[in-house]
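Using the sequences and the hints given, assemble the complete structure.
So the sequence lines, in the order shown, correspond to chains A and Y.
Just remember that my numbering sits 79 ahead of the position in the first sequence, which is counted from 1.
Just remember that my numbering sits 79 ahead of the position in the second sequence, which is counted from 1.
No lab work stands behind these hints: they were computed from the structure.
Because the structure is a prediction, the values reported are computed rather than measured.
Hints may contain errors.
One copy or two, either will do: identical chains are not told apart, so a pair holds if it fits within one copy or between any two.
Only pairs whose alpha carbons sit at most 16 Å apart, straight line, appear in this in silico EDC-like list of lysine to aspartate or glutamate [claimed, not checked]:
| # | residue 1 | residue 2 |
| --- | --- | --- |
| 1 | 200 | 316 |
| 2 | 248 | 351 |
| 3 | 207 | 290 |
| 4 | 289 | 247 |
| 5 | 120 | 137 |
| 6 | 467 | 124 |
| 7 | 483 | 95 |
2 protein chains.
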Amino acid sequence: MQLSDMNKEELKSWLEDVKAQYSDFRSQGLCLNMSRGNPCKEQLELSVDMLNVFNDGDFSSENGIDVRNYGMLDGIPEAKKLFSDMIGASEDEVIIFGNSSLNAMFWAVQTAFNKGILGGKPWSELDKVKFLCPVPGYDRHFKITEFFGVEMINIPMTPTGPDMDMIEKLVADDDSIKGIWCVPQYSNPDGISYSDETVKRFAALKPAAKDFRIFWDNAYCIHHLTDKPKLILNILDEAKKCGNENIVYMFASTSKVTFPGAGVAVMAASRENIDELKKYLGISIISYDKMNQLRHVKFFGTFENMCEHMKKHRDIIKPKFDLVCEMLEKEIAPLGIGEWTVPQGGYFISFNALEGCAKKIVKLCADAGVTLTGAGATFPYGKDPEDKNIRLAPTYPSLEDLAKAMQLFVICVKIASAEKLLAE
Amino acid sequence: MQLSDMNKEELKSWLEDVKAQYSDFRSQGLCLNMSRGNPCKEQLELSVDMLNVFNDGDFSSENGIDVRNYGMLDGIPEAKKLFSDMIGASEDEVIIFGNSSLNAMFWAVQTAFNKGILGGKPWSELDKVKFLCPVPGYDRHFKITEFFGVEMINIPMTPTGPDMDMIEKLVADDDSIKGIWCVPQYSNPDGISYSDETVKRFAALKPAAKDFRIFWDNAYCIHHLTDKPKLILNILDEAKKCGNENIVYMFASTSKVTFPGAGVAVMAASRENIDELKKYLGISIISYDKMNQLRHVKFFGTFENMCEHMKKHRDIIKPKFDLVCEMLEKEIAPLGIGEWTVPQGGYFISFNALEGCAKKIVKLCADAGVTLTGAGATFPYGKDPEDKNIRLAPTYPSLEDLAKAMQLFVICVKIASAEKLLAE
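Here it is, written out as structure tokens:
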């Protein structure tokens, strides 16, 4: 029976039962964290052998440079090879960064503000700079543009990617729109992979602003949960076909391949974009950690081996995604009080509660010892206009802890939903 | 006989001899680099055992956090302990960064431009921002302020540090002066350590701009070439005594302690400064490389051990400094065509040629296969008003190569000086 089909008396009595279950949970003194997309300990162990690759005493890059010293600002050649394969570009279209692709994105935005892009005015000199933000999306993207005072415009997600009709119209009409944040493969948090048509339409965009850039954060490009993943099209290739190759900045990293704290990040773009960005790179740093770049290259050897390595991650985390989806299917689906995605990769499950319930659910969980991503975090300025989206991050807890946390979560969804229906 | 005492005929004939020596060198096809302060291979070997510290399989910070994962944005507690000892601050007055203190400085300037400092207007909203630049100084400092469009004002160095009379007057009168670049211990390139009086006067500065900051780049704080180093005063302590503790941002790193490409950087400042900066830190990165932080802590254990480690560096590089100074003393001093410092620490020897000769000397060296730091690089905008300063970096080449490079260097100094005198 759907919750909305109960009469008030039935609902009240049902709610009493659920609240009793909630009280039981509170008394258990749980302390679990499902707030961020952190790999679990077993995943971190997969890459520990990477720390032994220098036992051979060889610290030379293939070009003869000692990776322990300064130099090679944009990365050592063998790292460019490995990570250009990963991101889908050629070796002269990439810059290898430090441990954080977010830091590379921040830097790219900041450089546009200070110096402009390919002859355009520095964004800091413009009256207004706007970004399009597919929602729900990644909170840390939105924090970057918020930091720089960018006005953010919500773009609804569809099962094939962001609403392209809306995007095409907006960028054609308004030259103060300078960028869009995208996580094209297994979007954060929806887990949606952009369709071929979506990627082609992005690649062919004709914005009024010549310095409009698609920030294509391909964070989960090899983070599949299935054996036969549906890969997105390569947007840089597609853009080249349209003579539009300057429109995209691509990013990826090994944060969730090796170590979140000690991975390697990469950016790719057209030669023209990359050549300009390299001019500014050396102002802010002498060189990134090339020992860690070579560590990754020696550990993986090839991109194919990196993809094989990801299957070990999948074996660890797939059961966790299954558990979450099964519990939602069993406990929430019959009541009609929520919708969610069943992702084929990435790190999240996006749950949509009844309108106006997300904040309450997150608070109820927190009060009973389970920390979720803050409600609203998946929207610019932390404001979910319908207060319904909650990002679930199942990878970090053990299966046992995750089961507990999800039992609590469904109870909290039930309470918030029933109270909403009773108040109507 | 001083070169200026020769008559034109003597000088011409002398120059012919020197030019013949130069031709000999050109025919040798040298390819040596003395341009940057790079440690040599033997120095890099000193820290290679640091790569084995995780053989125990223990990746836990003392607070229980797994350093391989996300989190601990401002550093793990044991790294804060070690590096606060190094920089001279308490553990709640530091932020631990990635591998680059230059990157931390860039970020601190950029944050001031975007958000202001402690309630002051963002510098980006001001008509004019000026920085004081003791000269000769570090080219990469000047590049940062140039990038942000800051007007740079040269301040002459004296044997006790920058000209404090000039600084005190300028900052008191002009509230658009927002900062100064300092390398207080073994300044780059002069090797001058600021006197106690200089540090006290810096600590007591009363600038018109409340958001004026001293960028105190203590890059060579433990990089001594003598057994009994004269340490500079701790400016943060001195500033506290004057109730002026917000005036300074301090920086240091292990780039020249462990690995230039893979060290750890630290920033220190008052609690009030650090607390504000931490608010912005998480916009640009999730966390720095904590594995590398813990690697350093496990390798050194204590700050005292780090200082002992520096003696091994000294044993390797001191003979190189001696060689350069001895050759200059023997070949240049009697001719009266140059002056230089005899540094007690740091990475450079600063050579002042006759006015108008620096560019020519650097070009002559380059044409014969020895790369020096570009003439002018030690001044803002790359403009040495007297064209006389050349930064010599003796650490990277072998003693044998260094001897060759210095033989060439003194020949080039002689040629440029004689040609100048002949043209007068």
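Intra- versus inter-subunit Cα pairing at 16 Å for residue 207 with residue 290: Close inside one copy (14 Å), not across copies (27 Å); limit 16 Å.
Please work out whether the CA atoms of residue 483 and residue 95 approach to 16 Å or closer within one copy, between two copies, in both situations, or in neither? Neither. Shortest intra-copy (20 Å) and inter-copy (89 Å) distances fail the 16 Å Cα cut-off.
Could you figure out if residue 467 and residue 124 sit no more than 16 Å apart (CA to CA) within one copy, between two copies, both or neither? For residue 467 and residue 124, neither the intra-copy (36 Å) nor the inter-copy (56 Å) Cα distance is at most 16 Å.
Check residue 289 against residue 247 for me: Cα-Cα at most 16 Å, and say if that holds within a copy, between copies, both or neither. Cα proximity of residue 289 and residue 247: one copy only (14 Å, versus 47 Å across).
Regarding residue 120 and residue 137, is the shortest C-alpha distance of 16 Å or less found within a copy, between copies, in both, or in neither? between (29 Å within a copy, 12 Å between copies)
Within, between, both or neither, where residue 200 and residue 316 count as close if Cα-Cα is 16 Å or less: neither (27 Å within a copy, 44 Å between copies)
Up to 16 Å CA-CA - residue 351 versus residue 248, copy category: Classified as neither; 27 Å inside a copy, 47 Å across copies.
Checked against the numbered hints given earlier, this structure breaks hints 1, 2, 6 and 7; the rest are met.
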